[in-house]
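Chain residues, written in single-letter form:
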Amino acid sequence: MNRLSTSNSDPLHLNARQWIVVIMLYACICLLIDRAWLGWEQFNAGTDYRLPCFGERMSDYWEFRRWTSRARDQYRVYLIGDSVIWGQETTHNQTISHYLNERYGQDIFANMGMDGLHHAAMRGLVKIHGQSLNEKLVLLQFNPFWMSDSNYDLRGTWKDYYHPRLIPQFNRRIAYHDRDTQQRIAVLAERRIPIFSLVRHVMVNSFHNQSIQQWMIQNPYSCPFTAVTFESAPLWTKAPGPGRSWQDKGMRPQNFAWLAASDSLQWECFQDTIRSLQKRNAQVFVLVGPYNAYMLTDDSRDRLNQLLSQTVQWLGANNVPYFDVGDNLLPSETYADEVGHLTAAGHAILAEALLKQDNFRKWIELQPPP
Amino acid sequence: MLFHSWIFAIFFAVCFLVYLPLRRTPLWATWLLLSSYFFYGWWNPLYLLLIIYSTALDYFVGLAIARSRRQGFWLVLSVANNLLLLGFFKYSDFVAQNFTAILHSLRIPLDIPEPGILLPIGISFYTFQSMSYTIDLYRGRIRHETNFVRFALFVSFFPQLIAGPIERAGDLLPQLKHAPRIKTHNITDGLSLFVVGLFKKVALADLLAVYVDQVYDAPVQASSTSLLLATYAFAWQIYFDFSGYSDMARGCAQVLGIKLSLNFANPYLATGLGDFWRRWHITLSTWFRDYLYVPLGGNRCRVWKLYRNIAITMVVAGLWHGAAWSFLAWGAMHAIGRFCTRHLEQTAFYRNRVPNFLKQIWVFHFLCLTWIFFRAESLADALTVVKGIGRGVWTDPQLPIVAVLFCLCVIVYQWISESRIKYLLNYSPVKILMMLAMLVYLTLFTTSGYEPFIYFQF
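In order, the protein sequences belong to chains C and L.
Under my numbering, the final residue of the first sequence carries the number 370; numbering is consecutive throughout.
Under my numbering, the final residue of the second sequence carries the number 1458; numbering is consecutive throughout.
Check before you lean on any hint, since a few could be wrong.
[Stated by the list, open to error] Derived coverage of chain C by chain L (criterion: at least 3 residues anywhere in the stretch with Cβ under 8 Å from a Cβ of chain L; other residues may be distant):
(1) 205-213
(2) 295-301
[As the list claims (entries may be wrong)] A short list of chain C residues far from chain L (calculated; beta carbon distances all over 12 Å):
(3) Gln42
(4) Gly105
(5) Lys127
(6) Ser222
(7) Gly241
(8) Lys249
(9) Phe256
(10) Asp263
(11) Arg275
(12) Trp314
(13) Asn319
(14) Asn359
Bear in mind the hints are in silico, worked out from the structure with no lab data behind them.
Remember, it's a predicted structure, so these values are computed and weren't measured experimentally.
Using N, Cα and C, we set each Cβ at its ideal position, and we do this for glycine too.
Kindly generate the complete structure, drawing on both the sequences and the hints.
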């Protein structure tokens, strides 16, 4: 048997010049698609917009990038937090951002809340996808619920966490369990290459959160290009939760352990988020809470108060303006559960209370640095 | 650590960046060896003990063959050691199962315990490579290697360690004598090979795999159309999977300045079964030719002996792929195919009158029939698939049209590459557009799901 020559089977050998052309064209295509998609895909935020971030759309951070980028000209203050800020128990026009805009008399507050955005994820979101937050006024919600036990602090026995793509991928203190090194390196690579965020967005938006290859298997006779609609997800107007108080739902008081701030990874991440934003000339205001102290046993409430006093002390020492919602501002019936989700009435009360705070009013009048 | 993973990308980048300056020192081979052991140990560090043992034994056997008069003894020791290793790790369960079945059929209620040992990855490849060294040494075709590091690197050079190409000492060891020179074309050619291999694996093989797995996992429920198309799809899947791996292996080695052998040459354009084995898994088929078929007498003997030689070679080649009756059947079918067509292929009528495309179509269909036995979970499943295709229940097969288009494009590409108009593929814009299309497709259409290579299990 004679061996066939290599040229017989491998005609696709590119020389250095051809490779340079390929790499340049490839880079141009990736950059152009990433930019052009912003124009191709219809997006009309309207008033009281909030991100369609539930279920399969949770990992679509390209939406966050687009929303923060579009909101730059219209809104002065970005409200970043978890589903409490987003408005889990309310419609889109019953959220804290809506009531702040209404009571203030101008539309300057943008709802940037995301479901399940714990502090480690918030840090990732701000650092990786938050270029548009530079030199803006950013209200960060500090929800102590994410420090209620070691599982929420990413060090427990849970197999997975909310927003695994946003958390640090190689931190000795985080228990990664089933997430192998390959997956974690892939996440780091995805973060560095912007086109991958767009690919994920297209997968979520047009291919039911499947890879395009998987979609082709399920739709064997369709062309994948026909599935791309170039239309954004509709505004999430309805309330995912029933909007009732925790007592109406028949929930009972809980006895959370609460971690000490000095021992909490989530708290470290929250501090790092503030520092990261400050480095980028953003003006940060922290909303401590809301948290449902009514739903805690006495012991648990004491431990929570210790934790909060530590966090508030740090904010004060670092000259970060803040507002602690406290135990008594919001009536028990405005809380929907132990996480701190509020009913529409709760959002309204909180917005009014915030606007009455001198430090908050001073803060929103701040001009971005030249 | 799969070639199409980010871990490998990091590993290779580190390996290459350290290797570049080290090439000016005697440490370059040690570095490549350490990198290879790290690469292999990534799967399971315990496997390292086995490969080091096998390497050390063949190294000392090589020295003994060169210095001793009892060369035959040392050769037998090396071959027996390699075959025993392979037999123990790969075939012990199969042998135990079949002994138990025989005992039960004789109404002897005895169960032979199955060792249940995990097959060390790549063992079939590196034992064959190592064995070829001692056999070639015994035959006087090569000189013995005195440097242990160099010999160990020959056995375990990481690009080809897990699934070939199975290199010969005469080809690879001379390249390891001196620090390889790395020129621009090494990088560009290596990169070209790697991207083509990556595209074959991730874009083509993994797409077809989803369809094939669906059908072959439940062959009883599948219609004739689905079974037929899944069989065609598997023929292309295994080609893209394995040749994609080989391309990536050759690409990595090329970047390091080392040339590995061609393993695939458009096998589905073969016009006969003999021609197919000259194009498919070339380094394995030439291994069996040189170390089994020719020593048995090859084709320079009487007809019945020739058929015996073909039968033994093909059945052993089948069993090399896996310890199961279906692999044995796969090898036996190839042997029968060769019996039936060998003389036909040599006739003037077949060579001159039958159009090439007709020959290619029949060869491809015969291969597809054999692939059924290769892919099915068991012999019974394979027969179910064959019966299912023959049943004639023709329903909508739901095979993705994009996959069919891809396969057609590859056929056209391969056909052009072996035709008179192959110069078209050498035009710069054509090459650039093809490479660009592959990169863009890989970026936009595939995600980070990592299917292992089929040939890793062998």
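Just checking, Ser222(C) versus chain L, shortest CB gap more than 12 Å? violated (8 Å)
Report holds or violated for chain L covering the region 295-301 of chain C, Cβ cut-off 8 Å, minimum 3 residues. Check failed, 0 qualifying residues.
Would you check whether the claim that Trp314(C) is not at the interface survives, using Cβ distances to chain L and the 12 Å cut-off? holds (37 Å)
Taking 12 Å as the cut and beta carbons as the points, is Asn359(C) off the interface with chain L? holds (45 Å)
Find the nearest Cβ of chain L to the Cβ of Arg275(C) and say whether that gap is larger than 12 Å. Consistent with the label, Arg275(C) stays out of reach of chain L, its closest Cβ about 29 Å off (over 12 Å).
If I take the minimum Cβ distance from Gly105(C) to any residue of chain L, is it greater than 12 Å? holds (46 Å)
Three residues minimum, CB to CB under 8 Å: does the region 205-213 of chain C make the cut for coverage by chain L? Let me know. holds (count 3)
Distal placement of Lys249(C) relative to chain L, Cβ over 12 Å: holds (39 Å)
Whether Lys127(C) stays farther than 12 Å from all C-beta atoms of chain L, as the label says: For Lys127(C), whose nearest Cβ neighbour in chain L is about 20 Å away, the distance exceeds 12 Å, so it holds.
Run the C-beta distances from Phe256(C) to all of chain L and say if the shortest one exceeds 12 Å. Since the minimum Cβ distance to chain L is about 36 Å, Phe256(C) lies beyond 12 Å and the statement holds.
Per the stated criterion, does the least C-beta distance between Asp263(C) and chain L lie above 12 Å, as a non-interface residue requires? Asp263(C) clear of chain L: closest Cβ-Cβ about 32 Å, beyond 12 Å.
Can we trust that Asn319(C) is non-interface, i.e. its beta-carbon lies farther than 12 Å from all of chain L? Holds: least Cβ distance 41 Å, greater than 12 Å.
The structure fails to meet hints 2 and 6 from the earlier list, while all remaining hints are met.
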